[in-house]
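S.K.: So the chains spell out like this:
Number of protein chains: 2
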Amino acid sequence: MTKTKNILFIMADQLRWDYLSCYGHPYLKTPNIDKLAKEGLLFESAFVQSPICGPSRASFYTGRTVFSHGATLNQVPLPIGELTIGDYLRKDNIKTAVVGKTHMKPDKDGMERLGLTKETDIGMIVSEPGFDPYERDDGLHPNNWVKNYSTVLTYNKWLNSLGYKGDNPWETWANSAEGPNGDLLSGWKLRNSNKQARIQEEHSETAYMTNRAIDFMNENKDDQWMLHLSFIKPHWPYIAPSPYHNMYSPNQFYEVVREDKENQIQHEVYRAFTNAQVSKVFSKREVREAVITGYMGLIKQIDDNLGRLFEFMKQNKFFQNTMIIFTSDHGDYLGDHWLGEKELFHEQSVRVPLIIYDPSGNADSTRGQREKKLVESIDLLPTFLEALNSSTSTHRLEGRSLLPLIKGNQINDWRKSVFSEIDYGLHSARDELELGPHEARAFMIRTEKWKYIYYKGFSPQLFNLEKDPNEFEDLGQNQNYEKIRTELKDLLLKRLINRKNLLTVDEKFVLKGQDVESEGGVMIGVW
Amino acid sequence: MTKTKNILFIMADQLRWDYLSCYGHPYLKTPNIDKLAKEGLLFESAFVQSPICGPSRASFYTGRTVFSHGATLNQVPLPIGELTIGDYLRKDNIKTAVVGKTHMKPDKDGMERLGLTKETDIGMIVSEPGFDPYERDDGLHPNNWVKNYSTVLTYNKWLNSLGYKGDNPWETWANSAEGPNGDLLSGWKLRNSNKQARIQEEHSETAYMTNRAIDFMNENKDDQWMLHLSFIKPHWPYIAPSPYHNMYSPNQFYEVVREDKENQIQHEVYRAFTNAQVSKVFSKREVREAVITGYMGLIKQIDDNLGRLFEFMKQNKFFQNTMIIFTSDHGDYLGDHWLGEKELFHEQSVRVPLIIYDPSGNADSTRGQREKKLVESIDLLPTFLEALNSSTSTHRLEGRSLLPLIKGNQINDWRKSVFSEIDYGLHSARDELELGPHEARAFMIRTEKWKYIYYKGFSPQLFNLEKDPNEFEDLGQNQNYEKIRTELKDLLLKRLINRKNLLTVDEKFVLKGQDVESEGGVMIGVW
Numbered sequence: 001m002t003k004t005k006n007i008l009f010i011m012a013d014q015l016r017w018d019y020l021s022c023y024g025h026p027y028l029k030t031p032n033i034d035k036l037a038k039e040g041l042l043f044e045s046a047f048v049q050s051p052i053c054g055p056s057r058a059s060f061y062t063g064r065t066v067f068s069h070g071a072t073l074n075q076v077p078l079p080i081g082e083l084t085i086g087d088y089l090r091k092d093n094i095k096t097a098v099v100g101k102t103h104m105k106p107d108k109d110g111m112e113r114l115g116l117t118k119e120t121d122i123g124m125i126v127s128e129p130g131f132d133p134y135e136r137d138d139g140l141h142p143n144n145w146v147k148n149y150s151t152v153l154t155y156n157k158w159l160n161s162l163g164y165k166g167d168n169p170w171e172t173w174a175n176s177a178e179g180p181n182g183d184l185l186s187g188w189k190l191r192n193s194n195k196q197a198r199i200q201e202e203h204s205e206t207a208y209m210t211n212r213a214i215d216f217m218n219e220n221k222d223d224q225w226m227l228h229l230s231f232i233k234p235h236w237p238y239i240a241p242s243p244y245h246n247m248y249s250p251n252q253f254y255e256v257v258r259e260d261k262e263n264q265i266q267h268e269v270y271r272a273f274t275n276a277q278v279s280k281v282f283s284k285r286e287v288r289e290a291v292i293t294g295y296m297g298l299i300k301q302i303d304d305n306l307g308r309l310f311e312f313m314k315q316n317k318f319f320q321n322t323m324i325i326f327t328s329d330h331g332d333y334l335g336d337h338w339l340g341e342k343e344l345f346h347e348q349s350v351r352v353p354l355i356i357y358d359p360s361g362n363a364d365s366t367r368g369q370r371e372k373k374l375v376e377s378i379d380l381l382p383t384f385l386e387a388l389n390s391s392t393s394t395h396r397l398e399g400r401s402l403l404p405l406i407k408g409n410q411i412n413d414w415r416k417s418v419f420s421e422i423d424y425g426l427h428s429a430r431d432e433l434e435l436g437p438h439e440a441r442a443f444m445i446r447t448e449k450w451k452y453i454y455y456k457g458f459s460p461q462l463f464n465l466e467k468d469p470n471e472f473e474d475l476g477q478n479q480n481y482e483k484i485r486t487e488l489k490d491l492l493l494k495r496l497i498n499r500k501n502l503l504t505v506d507e508k509f510v511l512k513g514q515d516v517e518s519e520g521g522v523m524i525g526v527w
Numbered sequence: 001m002t003k004t005k006n007i008l009f010i011m012a013d014q015l016r017w018d019y020l021s022c023y024g025h026p027y028l029k030t031p032n033i034d035k036l037a038k039e040g041l042l043f044e045s046a047f048v049q050s051p052i053c054g055p056s057r058a059s060f061y062t063g064r065t066v067f068s069h070g071a072t073l074n075q076v077p078l079p080i081g082e083l084t085i086g087d088y089l090r091k092d093n094i095k096t097a098v099v100g101k102t103h104m105k106p107d108k109d110g111m112e113r114l115g116l117t118k119e120t121d122i123g124m125i126v127s128e129p130g131f132d133p134y135e136r137d138d139g140l141h142p143n144n145w146v147k148n149y150s151t152v153l154t155y156n157k158w159l160n161s162l163g164y165k166g167d168n169p170w171e172t173w174a175n176s177a178e179g180p181n182g183d184l185l186s187g188w189k190l191r192n193s194n195k196q197a198r199i200q201e202e203h204s205e206t207a208y209m210t211n212r213a214i215d216f217m218n219e220n221k222d223d224q225w226m227l228h229l230s231f232i233k234p235h236w237p238y239i240a241p242s243p244y245h246n247m248y249s250p251n252q253f254y255e256v257v258r259e260d261k262e263n264q265i266q267h268e269v270y271r272a273f274t275n276a277q278v279s280k281v282f283s284k285r286e287v288r289e290a291v292i293t294g295y296m297g298l299i300k301q302i303d304d305n306l307g308r309l310f311e312f313m314k315q316n317k318f319f320q321n322t323m324i325i326f327t328s329d330h331g332d333y334l335g336d337h338w339l340g341e342k343e344l345f346h347e348q349s350v351r352v353p354l355i356i357y358d359p360s361g362n363a364d365s366t367r368g369q370r371e372k373k374l375v376e377s378i379d380l381l382p383t384f385l386e387a388l389n390s391s392t393s394t395h396r397l398e399g400r401s402l403l404p405l406i407k408g409n410q411i412n413d414w415r416k417s418v419f420s421e422i423d424y425g426l427h428s429a430r431d432e433l434e435l436g437p438h439e440a441r442a443f444m445i446r447t448e449k450w451k452y453i454y455y456k457g458f459s460p461q462l463f464n465l466e467k468d469p470n471e472f473e474d475l476g477q478n479q480n481y482e483k484i485r486t487e488l489k490d491l492l493l494k495r496l497i498n499r500k501n502l503l504t505v506d507e508k509f510v511l512k513g514q515d516v517e518s519e520g521g522v523m524i525g526v527w
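As you go down the protein sequences, you meet chains F and R in turn.
Residue 283 in this note's numbering sits at position 283 of the first sequence, with consecutive numbering throughout.
Residue 246 in this note's numbering sits at position 246 of the second sequence, with consecutive numbering throughout.
Treat the hints with care, as some may be off.
Chain copies aren't distinguished; within one or between two, either way the pair holds.
Unchecked claim - Below 27 Å or equal to it, Euclidean Cα-Cα: the simulated BS3-like pairs (lysine-lysine) are:
| hint | residue 1 | residue 2 |
| --- | --- | --- |
| 1 | K494 | K449 |
| 2 | K508 | K147 |
| 3 | K512 | K108 |
| 4 | K105 | K508 |
Hints in this document: simulated from the structure, not taken from any laboratory.
These figures come from a predicted structure and were not determined experimentally.
Could you put together the complete structure from these sequences and hints?
M.R.: Structure, rendered in structure tokens:
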């Protein structure tokens with residue numbers, strides 16, 4: 001029977017769970033991703049540990065909640081003591097390359113304290129962090145940042161070599177459009193989201209990263225590997241090359257999901273989020289119309305490129321021994337609930353697509369099925385380790401392998417709730433609410449029926465997802481729901497207490513108990 | 001005005017809060033410690049983060065709860081990413097030496113992953129961990145361990161040089177008595193606790209460590225330093241040299257604090273603790289009578305040696321510029337509540353003495369006073385940093401500087417509850433209850449009036465400390481106290497959520513907000 005040798009871990013950035021045809025989008029057809037779902041298992045209830053890029057990714061990579069790993073905000077390095085996928089798999093001599101975005105930064109203070117520099121092998125891996133470097137590109141390169149880079153971005157070098165001129169063709173060609181008089185229309189500005197990017201599709205970031213994934217596979221046919229192909233899109237700048245820039249029109253969009261009564265909700269944190277510039281802007285019809293056009297085009301483009309990649313993999317027999325995961329780091333409000341961007345816990349933000357294709361015969365019984373059980377992004381790393389039959393200790397991991405679900409095993413003790421959290425310390429809402437740097441925290445517990453949000457320093461929110469799947473009616477202050485709120489708060493407490501904090505020894509140490517001492521000759525309580 | 005230049009941080013091991021005359025012991029007179037209290041401030045309600053040696057010390061040293069630093073058990077290394085007092089003060093060029101016990105171990109896996117070895121300067125400091133090595137001696141040296149040491153223990157070398165023969169005079173002389181026929185009576189056995197150790201007092205561990213503290217001060221008169229003088233006693237082996245071995249007799253003991261009804265308590269975890277061998281043994285009169293004799297003698301001996309040390313410090317003008325702290329890492333049941341050792345949360349176990357002498361004029365208004373406010377061991381490191389006017393960032397620290405209390409400031413927002421926790425994974429109770437390695441956890445919230453204990457997987461305990469200061473009546477299941485239990489559980493949740501997990505950036509980063517991105521040219525939500 002075929003076994004899993006390699007892992008291709010594909011992530012799209014800011015892709016909502018419901019913007020794929022296999023997740024129900026009526027107009028955005030994604031046949032290649034749908035086909036993966038038909039050959040694998042589609043998870044209908046997959047949630048991220050935090051609906052913010054950096055913290056969410058750090059949880060995917062460490063297999064630990066944000067509460068545990070501590071990279072609570074974007075731009076915040078994962079502490080040097082945390083282990084990532086790369087650290088785990090490297091022990092089994094598996095290459096762990098990244099093509100695209102991780103949003104991770106090196107823990108410079110931690111490295112300096114321990115005398116590590118990027119120039120050493122260990123220092124380089126730690127600063128990646130954890131992965132083997134291959135084609136790391138975090139995908140946001142505004143001009144002022146590019147000026148400060150010590151080396152030219154590989155993607156920019158490539159664009160230059162193709163004749164796209166300038167210091168930062170990432171911005172001026174790949175993420176800009178052109179006006180009628182040849183003037184540059186920046187992709188940063190949402191009004192340009194339905195215009196055509198000044199680049200040929202095959203030179204865009206999505207195509208380039210797909211090429212690089214193919215390069216990696218070609219170069220490593222004989223090795224065992226885990227490749228993290230991490231697309232930068234459909235994250236903003238929301239601007240797509242032809243023919244994707246005008247493939248969709250507003251009559252093919254989802255209706256906006258919002259009600260006037262939401263705007264009257266008195267919850268302070270929600271209100272502060274709706275007051276943010278990005279929320280005000282996304283609440284306008286013309287903004288949605290421009291942005292969603294670009295957003296859907298970028299997703300369609302990813303699907304086409306994945307078709308190209310999967311075809312290559314089939315021709316080169318990678319499909320027989322490679323587990324393929326497709327997911328996203330969080331969603332995008334796109335004006336729903338009077339909000340833009342992500343960060344809060346509505347389904348649009350915290351729920352993601354998750355498809356796992358397992359090449360092994362074990363998975364045959366679930367191919368093409370849809371799994372309703374609640375899963376979390378921290379479940380992926382344990383899944384990888386089990387699929388690869390890794391010998392690495394998993395005592396730090398807080399998720400649960402999905403392999404039993406993929407095998408179609410009967411499982412009676414699966415989790416009944418998922419957990420997510422945010423630190424909105426870098427959001428304008430923290431300023432508006434005049435909170436200190438450690439105060440802007442909120443925690444979600446979501447069961448099949450309920451969504452409970454505990455805000456540090458504020459009253460909670462509660463939604464009945466069965467009766468109110470659109471989360472319009474906040475029951476957080478309703479006296480009739482005191483009991484259910486208490487129960488859900490209890491689940492939150494239990495979840496926090498379950499944090500794995502015993503990092504430096506594994507379970508075997510604990511199970512050995514006091515034998516370590518008594519074998520040494522220590523006597524406790526001997527008369 | 002005099003300012004604090006140095007810090008002398010004295011810790012006794014396993015010293016109960018109430019076994020000093022300044023804390024009310026009627027027969028055990030400790031005039032030197034009492035005098036320190038008269039010249040400083042005595043804290044009446046000081047609690048440790050965990051009533052277990054290693055975890056408790058790790059919290060003293062890191063300024064972080066066990067929940068956060070993760071060294072939840074004895075013999076478990078602090079993760080390499082955690083910073084200790086040494087790491088904080090070294091940045092200000094302060095020497096940070098240890099004389100005696102820390103119970104800390106190097107994080108070998110963490111070091112190996114980062115390519116660090118003990119042989120390098122950084123590796124040595126990390127493996128200490130954090131402190132500069134001076135006279136580190138963890139104070140438990142059974143023969144089978146000593147055989148495996150790569151170098152001879154310095155204290156053993158010294159004893160050999162004085163004529164105490166053998167491979168391990170720590171055990172055979174300093175921690176053994178002699179029978180009538182010259183046979184060796186091991187101090188490990190509790191029955192020998194009221195016998196005379198085979199060593200002259202001035203050669204005992206307590207005297208030796210005091211000498212080494214004096215050596216350190218003599219050698220470092222011109223430098224700024226933090227010396228952690230960490231006595232190994234009155235921790236077991238409970239055996240004292242003459243004249244301390246028979247200074248106290250049972251009519252000078254506290255009455256045993258226990259009631260038959262406690263023994264009928266149906267709380268599973270408490271019952272499993274009372275079933276441990278050490279608890280059964282300490283519940284016997286003859287064991288208490290032997291052990292407490294030795295225990296009180298060892299405490300008296302520490303007081304006398306501190307008298308000698310303080311006299312040296314006065315003569316050498318160290319008293320003018322050295323902040324002196326006296327405390328303990330946890331208590332000792334000594335048969336109270338039908339228990340031996342420590343680990344659970346009764347006052348005998350979790351409450352400690354804490355005296356702080358601050359040489360600066362700022363502290364004059366509180367000299368000789370007794371402070372009732374609830375304080376925790378994680379408050380010490382912030383106190384040291386403030387006293388030394390350190391510039392180090394305190395964003396990882398979870399405690400609060402005690403300096404405002406020492407200065408006698410009016411403080412209206414002081415904490416209303418203290419927090420402590422245990423992982424009883426290495427205790428026989430875990431076996432008896434058939435718990436997994438991550439399941440043996442419990443958490444205490446104690447206010448002035450209430451003590452609430454949340455057990456993972458078991459019902460809670462609740463005590464009314466006003467009406468029932470001896471904690472005989474467990475209200476954990478009593479229906480009438482549902483509301484107060486809910487309130488206290490809420491405090492626990494709040495406390496857990498307050499964990500400082502943002503390690504790699506400080507508050508300034510958060511307060512800068514999205515400026516980092518917008519200055520770079522990133523535009524979010526711009527039409």
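S.K.: If a hint holds in the structure, say so; if it doesn't, say that too.
M.R.: Against the structure, the hints come out as follows:
no., hint, in the structure
1, K494 with K449, "both (19 Å within a copy, 25 Å between copies)"
2, K508 with K147, "between (51 Å within a copy, 25 Å between copies)"
3, K512 with K108, "between (37 Å within a copy, 19 Å between copies)"
4, K105 with K508, "between (33 Å within a copy, 18 Å between copies)"
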